[in-house]
Amino acid sequence: MLGTTVILAFRAINRHKLRSFLTTLGIIIGVAAVVTMVTLGNGATAAVREQISSLGANVLQLRPGQGFGRGGGGPRPPDFKPQDLTAIENQLTGVRAVAPLVQSSGSTAIYEGSNWSTTVYGTTAAYFEVQNWKADTGRLFMTEEEEAGKPVCIIGNTVRTNLFQGNDPIGKRMRIKGVSCQVIGTLATRGQGGFGDQDDVVVMPIKFVQRRFTGDRDISQILIAVDDAYDTSAVQASLEELMRERRKVKAGDQDNFNVFDTKQISDTLTGTTTILTQIVAAVAAISLLVGGIGIMNIMLVSVTERTREIGIRLAIGAVAREVLMQFLVEAIVLSCLGGLIGLFLALIASIAIAPLMQVPFIFDVKVNLIAFLFSAAIGVVFGYFPARRAAALNPIDALRHE
Amino acid sequence: MASLPPSAPIISLRGITKMFGSGPTAFQALKGIDLDIEEGDFVAVMGPSGSGKSTTMNILGCLDVPTAGEFLFKGRHVEALDRDQRALLRRRYLGFVFQGFNLLSRTSALENVELPLLYRGEDKKTRYEAGMAALEKVGLKEWWDHTPAELSGGQQQRVAIARAIVTQPAVLLADEPTGNLDSERSVEIMELLTDLNRNSGITVIMVTHESDMAAFAHTIIHFKDGLVERTEERVKA
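Protein chains in written order, with this note's numbering: chain A, 1 to 402; chain B, 1 to 237.
In short, the hints are calculated from the structure, not lab data. All of these numbers come straight from a predicted model, not from anything done at the bench. Using N, Cα and C, we set each Cβ at its ideal position, and we do this for glycine too. Some clues are possibly wrong.
[To be verified] If you only want the chain A side, here are some residues facing chain B, beta carbon under 8 Å, derived: (1) A320; (2) E322; (3) L399.
[Said to hold, decoys possible] Derived DEER-like restraints, expressed as beta-carbon distance ranges: (4) B/V65 <-> A/I279: 17 to 25 Å; (5) B/M19 <-> A/R19: 37 to 45 Å; (6) B/E150 <-> A/R19: 42 to 50 Å; (7) B/D36 <-> A/E305: 38 to 46 Å; (8) B/R14 <-> A/L2: 38 to 46 Å; (9) A/L2 <-> B/Q28: 42 to 50 Å; (10) B/Q28 <-> A/R19: 39 to 47 Å; (11) A/E305 <-> B/K125: 27 to 35 Å; (12) B/R230 <-> A/R19: 45 to 53 Å.
All chains should be modelled from the sequences, with the hints used to inform the complete structure.
If you want it as structure tokens, here you go:
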């Protein structure tokens, strides 16, 4: 009997293509909207997670002051000293790598008439270890270059593209902030990060940057990569204890430094994007509901319009249940078709939009399946009422209907 | 070859009454119908509007139930069957032809004819073969893929007849089958019904206003004011 009703439903839909299309339009748009939103939202979440993890998984960022800036009023908290770095390296357990960092943004790099404004990072080879960052071509710093603060630099992909175009930069001399340096390596591409283009960078030995640009031996930031075998928060606690002691913070006083756990940022940002995705998806789900009401509306009109047809079916021996099933199956087939078309559109839209939003396209089988089942359920719920009305018709009256 | 007169009539009505509405607006359409229709008969039902012939046809076609009285179909009581049981009885034994043809629009002749077989759960091959055979019987085999809109009135009625006989019913009920056709087409339809009655052994019960058409029948039942006025047995052609 189900086979029969499915055949009949497909015939009826096929005979009224335009009406069927318009009926399903609501479902098509609803499903497409929900799935596109969730897919892009998942992509955004993944992108955020990726960006955060590119800061280095389980990396603690040690900065002077409280919070992200250098703190509010009052005397500026002092930067770190090279001795602090040594102390962390020697006295802290569970540390995989420690890298000092000084930054000089708005630095102009020049090579043969091209110039590019970028940020100079002064650090050590440990920085690349902390960041899990590999050289694309060339090499990283050698100990001797670090110790002596030699004028060598490793450039990010954005700098390479803008300054050297297609040319191989290895071994070339470029000028940065008015001083000459030799390019010894280029870095693998990292893409957009949470804090801008991560590839727009020139990395130099910290001693060189301190000597030529900052003029002192202060370290503005220390990055500590925690060994996977250790608990990040335990390492963070002992780091804080160490720094309070070294920076002579009295018991009860507020820290004049802060330790930022990248995992924490990751969790927060991921949570935020997830909530945003859910809100947008909920709004889109309302359009799916409206689509369902559209199906009910058209099916009700269809029952009236096809009263005579129902009369004929009943007269030639269809039992009420079969008429009910036919209309119900029609509604379900329509909404399922709408669901499938919607999924297809969502696929196209997501593939097209994801690159524009600079988020990865992630095909989530679960989301697609749920959206499809939901559209089928809408067919059942909103198709039942019109179907029951059709089945309840009296064949004599139905046949007389004009 | 006329079928042999059977011992028991295929349809037997005893004291059938039908009330419409209730209270002061109640209207008694049938006031006690007694009727026997023999298997293989060709019956014409005549009478003015409001005489109860349509109501009787609806009851005979198991589309409606009598208020009181007995209805025996093939010797079995069917007056108290419920909706679905009546639908199954229609599906199994009855074929319908209507004045307005009542074909499904935008649907090919063959699909229209196959419809009752679909409800019987016949497979695709059986449906196709029986459908084409029925269309051949009504002389429209070449027109199987045409929709009603592409067929003339006479052709549409023949498709409707093919649909009615595709299940090889015991009884064919025709409600003014020639009411919408010109006299030439009407005669063709009557000849077709006569042929089905004679050669396929189908009992035909037909409502008509026209005595020309009634003349094709073996028995003519005249209705008046909710009662059978008289039954006219004719010499079989």
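Consistency of the hints with the structure:
no.	hint	result
1	A320	holds (6 Å)
2	E322	holds (7 Å)
3	L399	holds (7 Å)
4	B/V65 <-> A/I279: 17 to 25 Å	violated (58 Å)
5	B/M19 <-> A/R19: 37 to 45 Å	holds (41 Å)
6	B/E150 <-> A/R19: 42 to 50 Å	violated (21 Å)
7	B/D36 <-> A/E305: 38 to 46 Å	holds (42 Å)
8	B/R14 <-> A/L2: 38 to 46 Å	holds (41 Å)
9	A/L2 <-> B/Q28: 42 to 50 Å	holds (44 Å)
10	B/Q28 <-> A/R19: 39 to 47 Å	holds (44 Å)
11	A/E305 <-> B/K125: 27 to 35 Å	holds (33 Å)
12	B/R230 <-> A/R19: 45 to 53 Å	holds (52 Å)
Of the numbered hints listed earlier, those contradicted by the structure are 4 and 6.
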